[in-house]
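Novice: Once you have looked at the hints, place chain W on chain A.
Going down the list, the protein sequences come from chains A and W.
Heads up: the first sequence runs through residues 322 to 689, numbered per this note's numbering.
Heads up: the second sequence runs through residues 322 to 689, numbered per this note's numbering.
A portion of the hints provided could be inaccurate.
Copies of one chain are not kept apart here, so a pair can be met inside one copy or by any two copies together.
To be verified - Pairs of lysine-lysine residues, derived as BS3-like cross-links and limited to a Cα-Cα distance of at most 30 Å, are as follows:
#1 Lys492 / Lys550
#2 Lys485 / Lys444
#3 Lys550 / Lys444
#4 Lys555 / Lys444
#5 Lys444 / Lys526
#6 Lys355 / Lys411
#7 Lys562 / Lys594
#8 Lys492 / Lys674
#9 Lys654 / Lys632
#10 Lys355 / Lys594
#11 Lys644 / Lys632
#12 Lys550 / Lys356
#13 Lys461 / Lys492
#14 Lys461 / Lys654
#15 Lys654 / Lys641
#16 Lys420 / Lys444
I should point out that these hints are in silico values taken from the structure, not numbers from a laboratory.
Remember, it's a predicted structure, so these values are computed and weren't measured experimentally.
2 protein chains.
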Amino acid sequence: MTPYEVRGKVDYDRLMEEFGTSELTVELASKLEKKCGKTHFLSRRIFYSHRDLDKVLSAWEEGKEFYLYTGRGPSGPVHLGHLMPWIFTKYLQECFEVKLIFQMTDDEKFLYSEGMNLEEAKKWAYENSLDVIALGFDPKRTEIIMDTEHISLLYEIAIKVAKKINFSLVKAVFGFDSSTNVGLIFFTSLQAAPAFLESERRGEKIPCLIPCAIDQDPHFRIARDVAPKLGYPKPSLILSKFFPSLSGANKMSSSSPEGSIYVTDSEEEVARKIRNAFTGGQATIKEQREKGGNPEICSVFQYYFYLFEEKDSKLMERMKSCKSGELLCGECKSELIERVLSFLRDHREKREKARDLMQEFVPEEFRD
Amino acid sequence: MTPYEVRGKVDYDRLMEEFGTSELTVELASKLEKKCGKTHFLSRRIFYSHRDLDKVLSAWEEGKEFYLYTGRGPSGPVHLGHLMPWIFTKYLQECFEVKLIFQMTDDEKFLYSEGMNLEEAKKWAYENSLDVIALGFDPKRTEIIMDTEHISLLYEIAIKVAKKINFSLVKAVFGFDSSTNVGLIFFTSLQAAPAFLESERRGEKIPCLIPCAIDQDPHFRIARDVAPKLGYPKPSLILSKFFPSLSGANKMSSSSPEGSIYVTDSEEEVARKIRNAFTGGQATIKEQREKGGNPEICSVFQYYFYLFEEKDSKLMERMKSCKSGELLCGECKSELIERVLSFLRDHREKREKARDLMQEFVPEEFRD
Numbered sequence: 322m323t324p325y326e327v328r329g330k331v332d333y334d335r336l337m338e339e340f341g342t343s344e345l346t347v348e349l350a351s352k353l354e355k356k357c358g359k360t361h362f363l364s365r366r367i368f369y370s371h372r373d374l375d376k377v378l379s380a381w382e383e384g385k386e387f388y389l390y391t392g393r394g395p396s397g398p399v400h401l402g403h404l405m406p407w408i409f410t411k412y413l414q415e416c417f418e419v420k421l422i423f424q425m426t427d428d429e430k431f432l433y434s435e436g437m438n439l440e441e442a443k444k445w446a447y448e449n450s451l452d453v454i455a456l457g458f459d460p461k462r463t464e465i466i467m468d469t470e471h472i473s474l475l476y477e478i479a480i481k482v483a484k485k486i487n488f489s490l491v492k493a494v495f496g497f498d499s500s501t502n503v504g505l506i507f508f509t510s511l512q513a514a515p516a517f518l519e520s521e522r523r524g525e526k527i528p529c530l531i532p533c534a535i536d537q538d539p540h541f542r543i544a545r546d547v548a549p550k551l552g553y554p555k556p557s558l559i560l561s562k563f564f565p566s567l568s569g570a571n572k573m574s575s576s577s578p579e580g581s582i583y584v585t586d587s588e589e590e591v592a593r594k595i596r597n598a599f600t601g602g603q604a605t606i607k608e609q610r611e612k613g614g615n616p617e618i619c620s621v622f623q624y625y626f627y628l629f630e631e632k633d634s635k636l637m638e639r640m641k642s643c644k645s646g647e648l649l650c651g652e653c654k655s656e657l658i659e660r661v662l663s664f665l666r667d668h669r670e671k672r673e674k675a676r677d678l679m680q681e682f683v684p685e686e687f688r689d
Numbered sequence: 322m323t324p325y326e327v328r329g330k331v332d333y334d335r336l337m338e339e340f341g342t343s344e345l346t347v348e349l350a351s352k353l354e355k356k357c358g359k360t361h362f363l364s365r366r367i368f369y370s371h372r373d374l375d376k377v378l379s380a381w382e383e384g385k386e387f388y389l390y391t392g393r394g395p396s397g398p399v400h401l402g403h404l405m406p407w408i409f410t411k412y413l414q415e416c417f418e419v420k421l422i423f424q425m426t427d428d429e430k431f432l433y434s435e436g437m438n439l440e441e442a443k444k445w446a447y448e449n450s451l452d453v454i455a456l457g458f459d460p461k462r463t464e465i466i467m468d469t470e471h472i473s474l475l476y477e478i479a480i481k482v483a484k485k486i487n488f489s490l491v492k493a494v495f496g497f498d499s500s501t502n503v504g505l506i507f508f509t510s511l512q513a514a515p516a517f518l519e520s521e522r523r524g525e526k527i528p529c530l531i532p533c534a535i536d537q538d539p540h541f542r543i544a545r546d547v548a549p550k551l552g553y554p555k556p557s558l559i560l561s562k563f564f565p566s567l568s569g570a571n572k573m574s575s576s577s578p579e580g581s582i583y584v585t586d587s588e589e590e591v592a593r594k595i596r597n598a599f600t601g602g603q604a605t606i607k608e609q610r611e612k613g614g615n616p617e618i619c620s621v622f623q624y625y626f627y628l629f630e631e632k633d634s635k636l637m638e639r640m641k642s643c644k645s646g647e648l649l650c651g652e653c654k655s656e657l658i659e660r661v662l663s664f665l666r667d668h669r670e671k672r673e674k675a676r677d678l679m680q681e682f683v684p685e686e687f688r689d
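This is chain A alone, in the form it adopts within the complex (with noise of 0.2 Å):
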């Protein structure tokens, strides 16, 4: 697996071992928990791996700040497995108080995507600005880079971090080859950049922690490794599994429409999707009844798992009267169709109202 390819049933624990990444321990996330409060991101293992977020939490209680850093690919509209990860940044900021630096990479998708024309992916980015300021982000304390309209700020960094890579290891870790395009092969290292950004414009080492899908963890592990050579910090990570899709629990969705609900997305679309989302259900009503259903392999069940049921009790007994045949697929799915109509129903209020909010999210050095 590497950031530009996901495919089929991810085995979390082979991965996490694979990259070398640690467990997000019980007693980790505890720690977590009484500084910030419970929150079933944590209690489920939904973010589950880790780099060095136990040394940015020690540094944390001796009074040593941090930031945080996350980011977003802008190839399109986002769906509810994007908005994940940025829901959880968020529970972290609020606790912290810590300042966040937002990167939409759409140089990146510009490279990635054959058809893309470069308007387009400043027009995603942009787009999906409005989702991430959504979400509530304290606009004092939160800034989204743009990497093309904002590259100065990132570029010196960058070709800092470029000098150490060479393409044997761009090769290695992101299964590139003589094919890959020259800007591709880049770009590895302005997503580093912001991990290191902070520090530059302070002119101290200001340690950085980054939430995110753990397919993403090699640009970091990269950055990682580049991060002592130029005097930065290395950036913790703290690194979740992937939002699943509806067309069976496991699978990353993002090339399939039909498996992910988009915040742009009609009711209508949103409840065709929900209804023809893969179950653990049994063939007929008579038979669920008897056998119950099968909330381990169903997508339904996973997304109150993910996102729709924070209370862990509810989901408990979401899961018996599943299990136990009392409750119908039907009825199950009527359930969460309203749940997310009724997220994004507020998700695009905001949204909207995001437009007029932009400014306070453009980086300081280009603010008027």
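Specialist: The following block gives chain W in isolation, referenced to the frame of chain A:
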């Protein structure tokens, strides 16, 4: 030969053939001289090759404007060999009254030179800009782009170029391999960008003419290949031979400081380097008087030929009196020392004044 490695004796006809550039014929040179006035750079075939120079001149005659673009990799102080193509560029600017974009590739030199840090490369970019300005380019028509400082002007064009170039190509063209850093792999995209900048700025196809030494052709061959795919006109080139080294005719000198005269050399250093220069003289004065010298292989004669005797008749006289044994190497060197010192004194004076003019050469987007 690549822009990153020029070694040994140069066979200029073979280079032209290898690179696939065209001969700058007497007819084409005459066309240029008819418009712009005589110059030894053309009559002596110092600028001796081109790509589509005829097209840009024909278009000009039909009222289609163009602009000039050249540059410098600021890795240290400039020597006379660096100034030569810029002096010719000034001749073109004065003749056609056109814009010149001058690119300082501080990023490239930082990425290329193992031991150089970015602050040094930026310092040299500033220092070398003073040399450019000292030559007298029209401030109303000349912009000096510092890659790191003005990256926002170039980055979007560069990634459009980068998307069309893969590792195979830069490997073949520049001799890169798996150990090459990813910044240098990307870099040629940035060197292409100024050739398209005016088209991008004005939203129409503005032809570009690039005067430079022939070792830069590989970069612009790539730029020319990519241009039509991006809707830009292919840049035209007018290509020079290399300024000779004092250690022997027809060799490059950037890595041997004794072979080059830098604008920062003291008067004593200049005198010493010329005194120690390789000549075509005989072993003794007696022998020289009898057999005469050999100007064809003499680096001192080459200095006159390339830069310090613009009058063809005077150059012929010098050659004859050398060959006849009338002119001794000592005298010939003394005269050259005087001419070089006189040039450098004047240049240094203008160079100091250039410090106050820097702001006038900043790209229009960065002016107050």
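Novice: Evaluate each hint against the coordinates.
Specialist: For each hint, the structure was consulted:
1. Taking identical chains as interchangeable, the C-alpha atoms of Lys492 and Lys550 lie at most 30 Å apart whether they share a chain (21 Å) or sit on different chains (27 Å).
2. For the identical chains of this complex, Lys485 and Lys444 are inter-copy neighbours only, at 21 Å across copies versus 32 Å inside a copy, given an alpha-carbon limit of 30 Å.
3. In this assembly of identical chains, the alpha carbons of Lys550 and Lys444 lie at most 30 Å apart only when taken from different copies (22 Å versus 36 Å within one copy).
4. Taking the shortest Cα distances, Lys555 and Lys444 sit within 30 Å of each other only across copies (29 Å), while inside one copy they are farther apart (32 Å).
5. Taking the shortest Cα distances, Lys444 and Lys526 sit within 30 Å of each other only across copies (25 Å), while inside one copy they are farther apart (34 Å).
6. Proximity of Lys355 to Lys411 under the C-alpha cut-off of 30 Å is restricted to the intra-copy arrangement: shortest distance 17 Å within a copy versus 69 Å between copies.
7. Taking the shortest alpha-carbon separations for Lys562 and Lys594, only the intra-copy value of 22 Å comes in at or below 30 Å, while the best inter-copy value is 67 Å.
8. In the homo-oligomer, the alpha carbons of Lys492 and Lys674 never lie at most 30 Å apart, since the shortest distance is 43 Å inside one protomer and 49 Å across protomers.
9. Taking identical chains as interchangeable, the C-alpha atoms of Lys654 and Lys632 lie at most 30 Å apart only when both belong to the same chain, with a minimum of 18 Å there against 91 Å between chains.
10. When the C-alpha separation of Lys355 and Lys594 is checked against a cutoff of 30 Å, the pair qualifies neither within a copy, at 38 Å, nor between copies, at 74 Å.
11. Taking CA atoms no more than 30 Å apart as the test, Lys644 paired with Lys632 passes inside one copy only; the shortest distance there is 19 Å, against 99 Å between copies.
12. Taking the shortest alpha-carbon separations for Lys550 and Lys356, neither the intra-copy value of 33 Å nor the inter-copy value of 55 Å comes in at or below 30 Å.
13. With identical chains, the CA atoms of Lys461 and Lys492 are never at most 30 Å apart, being 39 Å at best within one copy and 46 Å at best between copies.
14. For a Cα distance limit of 30 Å, the shortest separation of Lys461 from Lys654 qualifies neither inside one copy, at 39 Å, nor across copies, at 69 Å.
15. In this assembly of identical chains, Lys654 and Lys641 lie within 30 Å of each other by CA distance solely inside one copy; the values are 16 Å within and 99 Å between copies.
16. In the homo-oligomer, the alpha carbons of Lys420 and Lys444 lie at most 30 Å apart inside one protomer (25 Å), although the nearest pairing across protomers, at 33 Å, exceeds that limit.
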